[in-house]
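S.K.: The chain contents come next:
Number of protein chains: 2
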Amino acid sequence: METLLSKDEFEQQLRAKGAGYHIHHPFHVMMNEGVLNKKQVQIWVANRYYYQIAIPQKDAAILSNCPVKEIRKGWITRIIDHDGDAKHEGGIEAWIKLGLAVGLTRKDITSLKYLIPGVKFAVDAYVNFARQRPWQEAVCSSLTELFAPHIHKQRINSWPEKYPWIDETGLIYFKKRLIEAPRDVIQGLSLTLDYFGKTERLQKRALDILQFKLDVLWAMVDAIMLETMNIKVEGKTYTGQSQLTTLRLDKNYE
Amino acid sequence: METLLSKDEFEQQLRAKGAGYHIHHPFHVMMNEGVLNKKQVQIWVANRYYYQIAIPQKDAAILSNCPVKEIRKGWITRIIDHDGDAKHEGGIEAWIKLGLAVGLTRKDITSLKYLIPGVKFAVDAYVNFARQRPWQEAVCSSLTELFAPHIHKQRINSWPEKYPWIDETGLIYFKKRLIEAPRDVIQGLSLTLDYFGKTERLQKRALDILQFKLDVLWAMVDAIMLETMNIKVEGKTYTGQSQLTTLRLDKNYE
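Quick note, the sequences are listed as chains A and B, same order.
Residues in the first sequence are numbered from 1 upward in steps of one, following my numbering.
Residues in the second sequence are numbered from 1 upward in steps of one, following my numbering.
In case anyone wonders, no lab produced these hints; they're calculated from the structure.
One or more of the hints may lead you astray.
Pairs involving identical chains hold if they fit within one copy or between any two copies, as the list cannot separate such chains.
[Claimed, not checked] No more than 20 Å apart at the CA atoms, straight line, and that leaves these computed lysine to aspartate or glutamate pairs for EDC-like: (1) K236 / D124; (2) K204 / E93; (3) K113 / D208; (4) K39 / E11; (5) K175 / E11; (6) K153 / E200; (7) K39 / E234; (8) K153 / D83; (9) K236 / E33; (10) K176 / D124; (11) K176 / E234; (12) K73 / D8; (13) K175 / D124; (14) K97 / D194; (15) K162 / E234; (16) K73 / D124; (17) K175 / D8; (18) K38 / E234; (19) K236 / D208.
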């Protein structure tokens, strides 16, 4: 029985994975509703910074595994977008500006002092995936970019009203990504549809890889939620490890 | 100012890290109180299996990075304990027996069909740590064994009464580890006290590494808790990704 999807059907199934995008995570739903307090926003920004600094390493791993010059020439833009160049500051610096806009110091952010273990494990899983798997699979894992413009627009639209205490310079990162992400996704989606479109098994593999990346993003927010929010487990107050012990030392254990 | 700890003080600080051991995690507290339902126990056993099968790979990474024959000769016992040999079934098989005792099929367990992403990310972080860091650091990361006998004894003592539906053959794993863990910890602790005992900086490093491993165990149970328990976030019911979407396919994406 042939169940190979047409190119359109395959793309549609990839896009349908958006149902599990972290925009639907309770933490992000509450962020969009404007009910997060300052500390919750700050811890989210500080933790998401670890993801931001991992992205160029993830993309460099893809370059490092890819023997096709034409593809590297397209993909390298992502590293430059994030790291910046002589003329542009880049996405990592824009994220630090967001951190400043929410009241963190530069050192609060770059020291990773607020980094939550569950966030680190999820982000590292993504970088290690790109290092250890064929470059086509790592390209496919980037496709959560399909869903990113929506969440960026949400923030640009709702934050000035919902979080008036956040300086608007903080929104530059999201505005910048609104321009970059759609351009990036064209290359990633086109490579994925071609490479994984050949057999039913490859198509399923691509859907699983995209699920993995959705899981990375979701697990990050789970960890941030557990660390910063009022959680009840079976009716009882959740006490996290960091509340249990003052013995935790420097979290930058690697 | 000299703040190098004496050998005894150093060991005491390592042992004090037990305050953050996952025995204090709400999920394990409830497990010990006997209030977990069958599904919660099953998902915990199925997920913890992924940790069990990672252990020999972690220990093999240590052997692979260690140039000292005498140390390898001691450490290799761990792999044999877990994988078994001609005469003994080994810890992985004992864990599968636990799975059968709680009502799972062998395939439920070995297929990893219940594996939760956050658990996978945490366990993989541990294996990758052992692969990528010096073997002395990986040895140090094993020292949560210092705290394990207590949790094993808890289960052996409380389960027959609290969970009469679990066949007692399921307890073999814990009984086995009660014998092995204290023996294993002698080598790990002795190597750690010697190697990391030399400078204040190394002592702090050892404490951070042990914290990392505590974080791995804690993050695993966080993910299991979020997947299986009734969670309220700021008063509202938490909806996990797997409840949001039926689009999740095979989770064994690597």
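S.K.: Is it within a copy, between copies, both, or neither that the alpha carbon of K175 lies no farther than 20 Å from that of D8?
M.R.: Neither: 29 Å inside a chain and 56 Å across chains, both beyond 20 Å.
S.K.: What label fits K97 with D194 when the C-alpha limit is 20 Å: within, between, both, or neither?
M.R.: Result: close neither inside a copy nor across copies, 38 Å intra and 45 Å inter.
S.K.: If the cutoff is 20 Å on CA atoms, where do K176 and D124 land: within, between, both or neither? Let me know, please.
M.R.: neither (25 Å within a copy, 33 Å between copies)
S.K.: Go through the copies and call it for K175 and D124: within, between, both or neither, with a Cα cutoff of 20 Å.
M.R.: Classified as neither; 26 Å inside a copy, 34 Å across copies.
S.K.: With identical chains treated as interchangeable, where does the CA-CA distance between K175 and E11 reach 20 Å or less: within a copy, between copies, both, or neither?
M.R.: Result: close neither inside a copy nor across copies, 26 Å intra and 52 Å inter.
S.K.: Within, between, both or neither: how does the pair K153, E200 come out at a Cα-Cα threshold of 20 Å?
M.R.: neither (35 Å within a copy, 49 Å between copies)
S.K.: Is it within, between, both or neither when you check K113 against D208 at 20 Å Cα-Cα?
M.R.: Close across copies (13 Å), not inside one copy (33 Å); limit 20 Å.
S.K.: With identical chains, the pair K236 and D124 could be close in the same copy or across copies; at 20 Å between alpha carbons, which is it: within, between, both, or neither?
M.R.: neither (32 Å within a copy, 30 Å between copies)
S.K.: Have a look at K39 and E234 and pick one of within, between, both or neither, based on CA distance no larger than 20 Å.
M.R.: between (25 Å within a copy, 14 Å between copies)
S.K.: Check K162 against E234 for me: Cα-Cα at most 20 Å, and say if that holds within a copy, between copies, both or neither.
M.R.: Only across copies: K162 and E234 sit 18 Å apart there, 31 Å inside one copy, limit 20 Å.
S.K.: From the Cα coordinates, with 20 Å as the cut-off, is the pair K39 and E11 best called within, between, both, or neither?
M.R.: neither (39 Å within a copy, 36 Å between copies)
S.K.: Tell me, please, which holds for K236 and E33 at an alpha-carbon limit of 20 Å: within, between, both or neither?
M.R.: between (26 Å within a copy, 14 Å between copies)
The earlier numbered hints that this structure contradicts are 1, 2, 4, 5, 6, 8, 10, 11, 12, 13, 14, 16, 17 and 19.
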